[in-house]
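Residue numbers (my numbering), protein chains in the order written: chain A, 23 to 294; chain B, 23 to 294; chain C, 2 to 290; chain D, 34 to 407; chain E, 34 to 407.
These aren't lab readings, by the way, just hints derived from the structure by calculation.
Here a beta-carbon is modelled for each residue, glycine too, at the ideal position from N, C-alpha and C.
Errors might be hidden in some of the hints.
Unchecked claim - Calculated cross-link-like contacts (lysine to aspartate or glutamate; reagent style DMTMM-like; alpha-carbon spacing at most 25 Å):
#1 C:LYS80 <-> E:GLU195
#2 D:LYS273 <-> A:ASP101
#3 D:LYS273 <-> A:GLU267
Stated by the list, open to error - Quick list of simulated restraints, FRET-style, between CB atoms:
#4 E:PHE81 <-> C:ASN34: 52 to 60 Å
#5 E:SER238 <-> C:GLU161: 51 to 59 Å
#6 D:LYS204 <-> E:VAL376: 34 to 42 Å
Unchecked claim - Here are some chain E residues pointing at chain D (derived, C-beta under 10 Å):
#7 VAL149
#8 PHE151
#9 TRP211
#10 LEU385
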Amino acid sequence: MTEDTKFHHGDAQAKKPIIRMVDIQKHFGSVIALAGVSFDLCSGECHCLLGDNGAGKSTFIKTMSGVHKPTAGEIFFEDRPMHFEDPRDAISAGIATVHQHLAMIPLMSVSRNFFMGNEPTRKVGGISFFDKKLADEITMEEMRKMGINLRGPDQAVGTLSGGERQTVAIARAVHFGAKILILDEPTSALGVRQTSNVLATIDKVRSQGVGVVFISHNVRHALAVGDRFTVLNRGKTLGTARRGEITPEELQDLMAGGQELAQLEGSLGGTV
Amino acid sequence: MTEDTKFHHGDAQAKKPIIRMVDIQKHFGSVIALAGVSFDLCSGECHCLLGDNGAGKSTFIKTMSGVHKPTAGEIFFEDRPMHFEDPRDAISAGIATVHQHLAMIPLMSVSRNFFMGNEPTRKVGGISFFDKKLADEITMEEMRKMGINLRGPDQAVGTLSGGERQTVAIARAVHFGAKILILDEPTSALGVRQTSNVLATIDKVRSQGVGVVFISHNVRHALAVGDRFTVLNRGKTLGTARRGEITPEELQDLMAGGQELAQLEGSLGGTV
Amino acid sequence: EGEKYILVSHAPDSDSWWNTIKNGIALAGEQMNVEVEYRNPPTGDLADMARIIDQAAASGPHGIITTLADPDILEGPIKAAVDSGIDVIIMNTGTPEKAREVGALMYVGQPEYDAGLAAGQRAKADGIGSFLCVNHYIVQPSSQERCQGFADGLGVELGEQMIDAGQDPAEIKNRVLAYLSANPDTDAVLTLGPTSADPTILALQENGMAGDIYFGTFDLGGEIVKGIKDGTIQWGIDQQPFLQAYLPVVVMTNYHRYGVLPGNNINSGPGFVTADGLTKIEEFAGEYR
Amino acid sequence: MSETVQSTAGGDERIKEISPLRRALIRPELGGMVGTVAVFTFFLLFAFDSGMFNSQGIMNWSIVSAQFMIIAVGACLLMIAGEFDLSVGSMIGFAGMMIAIFSVTLSWPVWMAILVTFALCVTIGALNGYIVVRTGLPSFIVTLAFLFILRGFTIYLPQTIERKTIIGGIKDVAEGDWLASIFGGKVFQGLFVWLGDNGLIETFSRGSREGQPVVDGIPMLLIWAIGLIIFGHVLLTKTKFGNWIFAAGGDAEAARNSGVPVNRVKVLMFMFTAFCATVFATCQVMEFGSAGADRGLLKEFEAIIAVVIGGALLTGGYGSVLGAALGALIFGVVQQGLFFAGVESSLFRVFLGVILLGAVILNTYIRRIITGER
Amino acid sequence: MSETVQSTAGGDERIKEISPLRRALIRPELGGMVGTVAVFTFFLLFAFDSGMFNSQGIMNWSIVSAQFMIIAVGACLLMIAGEFDLSVGSMIGFAGMMIAIFSVTLSWPVWMAILVTFALCVTIGALNGYIVVRTGLPSFIVTLAFLFILRGFTIYLPQTIERKTIIGGIKDVAEGDWLASIFGGKVFQGLFVWLGDNGLIETFSRGSREGQPVVDGIPMLLIWAIGLIIFGHVLLTKTKFGNWIFAAGGDAEAARNSGVPVNRVKVLMFMFTAFCATVFATCQVMEFGSAGADRGLLKEFEAIIAVVIGGALLTGGYGSVLGAALGALIFGVVQQGLFFAGVESSLFRVFLGVILLGAVILNTYIRRIITGER
Ligand SMILES: Nc1ncnc2c1ncn2[C@@H]1O[C@H](COP(=O)(O)OP(=O)(O)OP(=O)(O)O)[C@@H](O)[C@H]1O
Ligand SMILES: Nc1ncnc2c1ncn2[C@@H]1O[C@H](COP(=O)(O)OP(=O)(O)OP(=O)(O)O)[C@@H](O)[C@H]1O
Ligand SMILES: [Mg+2]
Ligand SMILES: [Mg+2]
């Protein structure tokens, strides 16, 4: 791929990044999913990760959230090298992730899902119990803040709509005071109203100082909230651009891996 | 909801519709998923079905493709009343569907998936056998036409990328000479390149005289290929508009069920 | 020297009574200096047992010692073994007549029905008119013959007096308790071996009928011997499994070495073991007794 | 295909009404509760005067039910965590045999035999779990393999060491052992003597124990059952870990991504199941004084059946310990009740099958209402 | 999380190389093939002169393997269709008992007894399947219920009718019956006499059959096994219906949406499994002349084990009939071979468990390579 002039490779940042990932590689058996990707994220910014299907976006953020261990490469979290053994480590370091395939359990109630892996406890006679009352209250409260009225905290997640579930997942991540919020295609299954809700939430969260990693196939969604844009292609980065330095058309071209798009562009007004 | 002037209710069509669905209702236990939806489709047109999450789009097309039996309402196929007992009936009537959650079986080979439910047979001594050679040839040929090079017809679908799977599903539907092709959010998980491929395919199929029902949450995708747009909201139709009679902003407003969108519109250039 | 004999039983792996048999052939093998093997169908499926006899025959031993749990099934394989030149002795279940029919050299054991009948007659003489037969292995035909024989000996219908007790000791115990409390006028209890006898002893201790109700059992075991000693059990029918395993090996070895063979079948049981003269039995119960 | 309710402020015109009574009733245990009531009604009508409901009769089916409960609690938590264990029955046989070999053959003190056996069996449970989580194989296959392996050793070891497959004499060596009495003893004996003396419960009218109360104490088995049920129930519904159990069984991948240590949860539940099986075996060995190679046959199925009757979902993520306990109660009462009622005993299996089918269909119906699943 | 290969014209730099040999080898049956070779090598080395490989010995393990094959074919197709059947063993007992009751107790002609039994058992299979597809319950539970129900009747019926649990005398009534000989007879007897006369196989040395060959024909059981394997293999790989079986087990919902009559496929496979069980039972009854309540115990597990050793996926959608047949062969050879090798028989289960675990881990590894699944 030719290097785009507007793209910078590992250029010095004004702010100090909270997480810096250097030359991450990940192999699955005979498949090389990531062939050396570098990436950083500052607090209060929304960094979009874009790219074709199978480019390695989900794999990359999974190494960031402790699901996969990278085959090679280093992760610096607040400038200290970090090794996440499992998602718990990443979560307790302050990295919250809303995975592409939702991390919600349909048969469990909303409040149990909300606190899954992070249950509030209350000591009774030296033994710590799950503080269900507190959990229920917080859940109802947080969901109300997000504009969702539950029938009750005991409602099973399986009875929520896709958009509502997405919202629960994001609300959960925000509630636990994440420093980094990773969203893997959060809008792909959502209606326009839900989508604009999610985008607004990203905006809100960012302004609270959280660093957001946002993955999308929709150029317009990315441009709406992104501060920087990193494009992956076939396991490698094509580079990083800043907001305003790149046009939607250029970005889209890069997302398609530089390959020709089918002839329909006219009616789409330039971007898909 | 107020009725938009550009919206027509069951207005007379120039062409004769191949399928006409009148006042379809569908209840699931205590949930009323469809509260009376009417819809028609002519050959050679692309009719978009739009609407919020949970509006009933998938449920509606499932009654069309024989997965669900409507609780009330009538279906006229080529002007004859039709009762689909199961998907087989709909398929043999010429209605091919690519469901939102893919109708592909990961562990099976591409060619077996391609012909699933529609296997070519060859008589040997009075007994009909699955004609694997023919199936393999056709599969390779059709996939090549769609621009996908398989390792071989025996490759398991599980090893294909999401975009490739989507393409197999569409190629299959087209191959079996469907009169109606239903696509339920075919682009939601796809990259820009794959998306434009799918849109181009819809265009091609339509020009071959097939009627296409296209469901999407993306206004721009809908506008790119749609001839007519029907918007569902909470189990009811808000009406139908023709291409050119409605602006993207108006359509998006309807898709959101007329409710306020979160404040981000500016940067999105009007449409999400 | 070094002749090879294979003993095939019909018992599932877990049936502990057969252990004495294993010890019996092992000892005989040692003493006679011959090679012995014990085989059984793991689940007690008689059809599997037929295959094992075939298999045993194919491995070309000098002799096969086997039970005749169901003549219908086992006749064929046994006859084939005999015809291919392998000597067969029938042990444990079966009858002398059947043994002759299949071409076996002899029969060593205790005809089950007769044993039951004898026990029934003895009980009748002791004034018993009704009983409970605790059958822990109901799918095995010989277990039924014992109960049936006992009923016939008493001269009563078997009917519902035989219960399918299962093999779990707690369940056996509680089923016995349940039966006795639903039918409090039962005169006697008959158990078919240690598996059902041990929990039954506990059941009777618990409901206070121990020593009060008439209690007979087939086959010996550690707890049974203790029960006989302390008067809970009136008698145990000893078929002396040790002999059933030991004697055939000895007989066959001598037959093969010197051509000598007893002229008659050997009835290793039934012998009634009562509280008199228990010391030796106590010492070796479950191992050689 | 999985969205339901469009929740906007206020009601939703697209939901038909559900009566509050119906909503109050629908809970995982409902099937078990209905079943329990039905079963007791049935036997009160048809076997009332068979002695099933006098103190002795009650003790009778209570003990059988308690046995089922002990293994059902383990199986229940494991099933909710998304796995199951077919080696429970073999584990029971194996544990009993180990205790017997250690204490009788090797003459270790009984408390030591018991503790070492617990350690050993829980380790085997952990191994089961480790293989399942590491290889990702279905637990059906892995534990089926252990069903055979453990049973094989249970027959082979005593056979080789002691030349017999029943090892007795444990009562004698266990005499006065502090740990043995926790598994094999009885409690509240004084109370029952008092009750008997005051004519509140029947006393023996004949035999060696004439005048003593027919029920002379509560066996430790019952105490263990109640203890394990309470422990399991609290663990599942009141603790953090309980949430993890549900999560691990509901969707292991999602739970893992949310920071739930799924593998640890599953392995621990395999260990707990093994623990319950060992408790069962120890109680049995201490009560009967012997260990046999045939102990515990088919118990794995009985545990699973009790749990499923009690409303748990075979595929994990849903169920309740109380339900499983009720399932075990139903199972025990039906089994003993048929004897009291004088039904031909070989028909017991037929009843069992029919009850299982009926219960599970009822439970499915209830669950669908609760979860809105379709 | 499920995309793999970015297929563009030409190669893909993101895929490491896989050698063509390795690619040619990886097929569902590979595990079974490797296992078969290993097992035969083992026994050729350690039990060669035990008679295992003389004509009688070969016939012995062939018959045992053929038995496993008959039920494994049914279980295999059913498992690929996404279900399994725990009632196979009870069905075997039940079918045999029904034939005995009809022909001996009720004195029907044997062919009629057999036909009615087939009809009855296949109907029960259909009922199993119907309940599974209608209620959506896991087949584990439904067929577990039938395991108990059928076994209960198998004990209860003869007990009530004939007052015993074994009914014999079928050989006498089956004498000369045309249908009976299709299940219980032998073929190619002439050939074996010729072989015996020419000293190519051993002959009996004494007794009434002196001079006759020790193996006097191929039992119909073997013919049935081979016939069913061919039928199953052709059905699965060469017909339309076979594609539906894979589809139904791979993803029932997706298959249904594509127009595959999933419910019909599943019910038919339950019926086929019942058919295979009945073939097994009929061959057994005709060969041995009696039916017993203990027939077929644990055969359901043995069938499932053979199928799983043969490389099928317990959760459906993947497997092969040839693999299952090899699994059955391995199972049969190991079982009989251990006897030939003189291994302590209680250790058989330990071996079985270990082989099962080993095979299934190997198969998983192979399958992952084939399907690119992770
Ligand atoms: N099988 C079912 N049982 C009960 N309710 C159902 C079922 N299928 C759909 N519903 C409900 O019907 C309503 C419409 O669902 P549907 O899937 O048709 O929405 P949709 O318009 O396709 O939404 P999306 O854009 O999120 O795909 C929802 O409330 C949903 O929960
Ligand atoms: N666990 C795994 N084992 C083997 N290969 C994997 C695994 N996970 C991902 N891959 C492969 O790695 C590559 C990158 O996948 P990834 O899911 O990261 O893509 P993506 O950029 O998220 O695509 P999409 O936009 O479709 O979500 C793909 O070829 C995929 O098949
Ligand atoms: Mg992704
Ligand atoms: Mg939908």
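Evaluated hints:
no. : hint                              : in the structure
1   : C:LYS80 <-> E:GLU195              : 28 Å, violated
2   : D:LYS273 <-> A:ASP101             : 33 Å, violated
3   : D:LYS273 <-> A:GLU267             : 48 Å, violated
4   : E:PHE81 <-> C:ASN34: 52 to 60 Å   : 25 Å, violated
5   : E:SER238 <-> C:GLU161: 51 to 59 Å : 52 Å, holds
6   : D:LYS204 <-> E:VAL376: 34 to 42 Å : 35 Å, holds
7   : VAL149                            : 21 Å, violated
8   : PHE151                            : 22 Å, violated
9   : TRP211                            : 35 Å, violated
10  : LEU385                            : 5 Å, holds
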